[in-house]
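Colleague: Residue numbers (the working numbering), protein chains in the order written: chain A, 1 to 369; chain B, 1 to 314.
Do not take every clue at face value.
[What the hints assert, rightly or not] Listed below are several chain B residues computed to face chain A (Cβ distance under 8 Å; list not exhaustive):
#, residue
1, Leu91
2, Phe98
3, Leu112
4, Thr114
5, Ser238
6, Pro276
7, Glu310
[As the list claims (entries may be wrong)] Here chain A is said to cover these stretches of chain B; the calculated rule only asks that three of the stretch's residues, wherever they fall, bring their Cβ under 8 Å from a Cβ of chain A:
#, segment
8, 78–88
9, 99–109
10, 281–294
Since the hints were derived computationally from the structure, they do not count as laboratory data.
For every residue, glycine included, the Cβ atom is placed at its ideal position computed from N, Cα and C.
Here is what each chain is made of, one letter per residue.
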Amino acid sequence: MNKTQKIETGMELVRILICLLIAYAAALVILFLIADDPWFVIKTFITGPFSSPRRIGSVINQSIPFILCGLSMCFVYAVNKFNLAAEGIFMMSGCMVALVGLSLADYNLPSIVMMIIVYAVAIVTGIVLDYIPAILDRKFNANVVVVSLMLNSIVGFFAYWVLQNKLADPKKSSVESRTIPASIQMPDLFGKLKVPAGLIIALVCTVIVSIVFYRTSFGWKMRIVGSNPRFAKATGLNVLSISFAAQLAGGALAGIAGATEFMDNYKTFKWTTTTGHGFDGLLVAVLAKKNPRLVPIGALFLAYIRIGAEYLNSKSNGAVPKEFITVIQGIIILLIAAESFLSGTKNKIIFKEAQKRLDAEKAKNTAAA
Amino acid sequence: MFTASWIGQFLATGIRLATPLVFAALAAAVTVKAGMFNMGVEGMMLCAALAAPIVAAQTGSVWIGLLAGVLTRLLTALVISFSSLTGKTDLYLTCIAFNLMATGGTVFLMILLTGSQSDTLNALKIYMLPTLNIPLIEKIPILGPILSGHDILTYVAVLSVILVSFFFKRTRLGLRLRSVGENPQAAEAVGISSIKMRYIAFILSGLLSGLGGAFMSIGNVGYFMKNMVGGRGYIGLSAMNMANADAAGASLASLFFGLCEDISLTLKSNKTLNFPTQFLDMVPYAATILSIMVINFIRIAHQRKIEKGEVAAK
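One chain only, chain B, in its complex shape (with noise of 0.2 Å):
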């Protein structure tokens, strides 16, 4: 079982796993860099999973249904943010409600649009995007097939994570974003709106989530299916959580997060050890809230020591 190819295709399902959880982890860091803790990613790649493959099917053309679910993806975004930045509502209320009506709303059109209950595996062509070959990394034996030949967006996935960590370190904007999330009266004060700010973080993140959405439907299966997401939304959100919001770190958490769910699979297709399948399936869940916990915990146990003063603060 242990093979070298065995592994090899273990880390690169891992590595396709966690794609998604990389662009949920993403968008949640830009908006909390910007002071909001956004839970709507989940809704949000929801209503980008069932537009990509419809529009897909409709235009028959792979692309424009990418388009379309981010497009989707930035006019949700819009929405949560007009009614919490403008409305003043309790962000994390928005969220759940929007995550309800994401979940009921995409089902409803579906059936609208489809006439199918569950999926549109049946109802509609799939398309899906192309998978990328990259020259000379595919012919190393081990590193190739996990390094090569994966989904396109899993490339613009590792593409985000360097461009959003730039965007943060070294751009204007990323600058007045994060001073508008530590100290918005601050900002204010040198003239930053901070509700614009927070719209262009909702944007960005509506950005990277539809990418995330539009992998989970027409990268990786080519269909949608009913409450798809399944809760990576909310997994991706504790990833970037665990990272404290920095891009690397939370991709990092993500692929672990990816790993844990290939460790389910893997046990759930070997008949031999024949576990209950509800106990794996619970893994990449019970896996988040254990990482919360010890990741807290830590934090916890240095901030004490800072102020007993131990250690040097940073």
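Chain A on its own, in the form it takes in the complex (with noise of 0.2 Å):
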């Protein structure tokens, strides 16, 4: 890594932390100005999450679909393009999974192959709905953005139609299916903390997305086309298929996170809507800057501001509405994205540097001479 280039990393970071701040500062204005006891309100939004263990763990627990579907995300992010079906995959995955688990309830299959059938069902079913805006966008030059979005939307009746006619348990008053059975329910860790055992899957996603990210050609591959299209033309990749593949990669792994969370914290189907992960993982990959390395510190973060708004919604009885924070996260995405936003700083302290060092340079010379 040259000067300039360890500027410009140590900069990213300073400026993220930046947009946080600025960010977080909006959170607590807007807070003061709308609650009757703003010190109150803005302590019970920042120490809130922290106040008990069992809180602190279901900052954990939210931020475990948040890094699954923001790895799946970094794919799509990284080739720059926006399949957004993730969102439908996510509800999708997890009603098959309830539809396979009890479907397979009867013949009491040990918990390993359980997991095995249901993880590879939520990948297929993540695949196959990420195909459909794939092959239309390389096919048809279709709008990727457009037909995830109106795909996101099928997928969300069809998956409510399955619940109703395939899955609700006629003997509950709401809309819910059967129990699923024990060996597809993940189990809690760390005692007190109660965070489920998705958390091991999560980190070991984390790690293998690192690894075709940075270790692999086809990760390399990726961040040219996502970077650079023409450059990645131009030297002769298949721009196409490795945005193609991309695209899939982030599907199985948005399937991956609906069945995660859905076997984290669930024991019957019950999503009639879709749960929104899918957007909550751009903007997770947008403030890890599309580095999986950095995604879990990302979702820790969005976790933590949704606990604390949660907290603070049931603490002040519903007079603070949560949604406040959905205000938070777009101005997060905006500021984090805006390329100008510092970058005169940036290019000031790289400008500096090149002079100090050709002045050091000339100074040598002088001597020498």
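From these two lone chains plus the hints, build me the complex, please.
Modeller: In structure tokens form, the structure reads like this:
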């Protein structure tokens, strides 16, 4: 790494931190304006998530699907194809896991076999659903964002139909499935914290995706395609195939995410609409600057402000709507993605550094002469 | 079932459902002509849809509500254009972020201002824009009910189609906008600021989708409902895409999607057929994906023919 690259990486970190600070300040200002007792509200929002081991556990718990969806979005964001089908995939894969799990319940298979089967189903669901916008983009040049968003609506309705007609337990008053077999319910870890075992899946996936991104030729090609498609084409890379493959990989991860979240926290399937996790994944990927190694940190931050907002919402008896967090999330994406935000400062520092080096060289030359 | 009056009502509903799509398609067309794929139409319609009934209820005048809706939308257009043009953010990412913000932000404001969680139906007095009966045409037997008696914004939509076509084909500003969209370097070379033109495109698109959003609330039902735009911005965007950003073509495509939604609503209300409602809900979205496929397939096939020299290029 040369000097300029070092400055760029350093500045990037500083920039993200400043963005988060600004967004956080914006959150506090909003809270200050709307609350009757602003100091209490702000204190609850900041320290609430740490107030009990159980709550710290739920921050980690909520970050698990964020990590997996964030990794999924890293793939599509890395090749600059905003295939947002992950949103629908998340719901559908939970639905498929419930369907398969319940229909295999009578065979009493050991837990490990069941897990392998349901994860295989989830991955296939993800790949199949992400295949649709990807192939339309590749063959018909259809806008991948629009197609995937339309697909999300369709998948959402379809999963609800499956729930109502194939899964719903007539004995229950609300629309939900029978209890899934114990073999596919994730056990809890760390005693009091009650973190589900899905965390292990999420961390393993993070390691695998990081290796794919930075240690394989596919990851290298993918990043070239994303950062400079023309250059990629000129060097003879098959741009279409690479971005296509990246989207499918993203779909597989979104499938894993949906299955993990479902088995972690639910005993019956009862999602009637899409859950928003796909978009959260995009936010995490933006926060992590499409670097899978940083995804867990971004996911933890997102989970922290979410739990803070939820806790605040219940503490204030609903006086502070938890939706304010979505506004903050939007500000974070906009600031971090804004290329010119602080770019002047960065260029100045790089310039100064170069100037210093030139002066030093000149001084050395004159000394030698 | 298939009587003349039924068909008349069916078409009239189709036109009503197509109105917001036409506005969305026009709003998207304006920005696409200036070279930007504005997906923020969805979220901006949502903002306008919330602002209109709230201001209308506050001031007691539906017209001020309409104005507020349009102004809100102009403001949001500036947010997007500022972060995308001045902040150099990826436009897709900006729009996705903005749409997410709008989805949550409207709910947030609704809860704060009215205290209700899902819609403003009970919290606010309902104000609606007047409908317009066209004197002579309303007397014509079948055609009358189809064309007359719509919300005033429906006619504004028709007018906007004509105005937008005129604007792009006949005015100097329209020409400049198009030149920025087609070749920004060439436009810059003759002294047209592409950034300025793009801001103007965003403001125009703001005006149009503000009307669309206001129609959703104070034109159609009279209240705001959580996530009430429900992908219509994207459907309008696809309609624009299908017609290659041509205003008249885009509104025809919007009409087609409006009729698709109409079919799904009609089948849903029909108890004897008993279709699963979820599949009917899918119809507008599925129709969008299918039409994008078909149109792009035809376009690519045509392109291949031109490349082979079988047909002359236009």
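Colleague: Going back to the hint list, which numbers does this structure go against?
Modeller: 1, 4 and 7
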